[in-house]
Amino acid sequence: VLQAVTGSEMLSMLDGFSGYNQVEVDTADQHKTTFTTPWGTFAYKRMPFGLINAGATFQRAMDLAFG
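Here the sequence shown is numbered in this note's numbering, starting from 1 and rising by one per residue.
Read the hints as simulated data drawn from the structure, not as lab findings.
Among the clues, some could well be false.
Stated by the list, open to error - Cut-off 16 Å, straight-line C-alpha distance, at most; resulting in silico cross-link-like pairs (EDC-like, lysine to aspartate or glutamate): (1) K45 / D29; (2) K45 / D63; (3) K32 / D63.
What the hints assert, rightly or not - Distance ranges between label pairs, derived from CB positions: (4) G55 / H31: 42 to 48 Å; (5) A65 / F42: 25 to 31 Å; (6) T33 / L64: 33 to 39 Å.
A quick note: this is a predicted structure, and the numbers were derived from the prediction, not measured.
Built from N, CA and C at the ideal position, the CB exists for glycine as well.
With the sequences and hints as input, model every part of the structure.
In structure tokens form, the structure reads like this:
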């Protein structure tokens with residue numbers, strides 16, 4: 001990896017493990033992610049793991065960022 005980036009002007013490190021947590025859920029769609037606990041009802045502001053289209057949405061964001 002180091003040989004591949006030698007001479008580059010800019011290096012970047014992204015945390016792929018928490019990448020989904022960096023994709024925002026549209027305000028109009030946050031009510032679709034609600035869940036209830038003994039402490040109240042909550043809605044996600046960031047895309048949680050386990051949503052059916054989370055992987056595709058994350059890939060689309062990465063394609064836009066690096067494409």
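Tested hints:
Restraint check for K45 and D29: the C-alpha separation of about 9 Å stays at or below 16 Å, so the hint holds. This hinted pair does not check out: K45 and D63 have alpha carbons roughly 22 Å apart, beyond 16 Å. Proximity of K32 to D63 is assessed by CA-CA distance (about 25 Å); at most 16 Å being required, the pair is judged violated. Hint check: G55 to H31, Cβ distance near 22 Å, so the stated range 42 to 48 Å is violated.
Range check, A65 to F42: Cβ separation about 28 Å, and the 25 to 31 Å hint holds. A beta carbon spacing of about 22 Å between T33 and L64 contradicts the range 33 to 39 Å that was offered as a hint.
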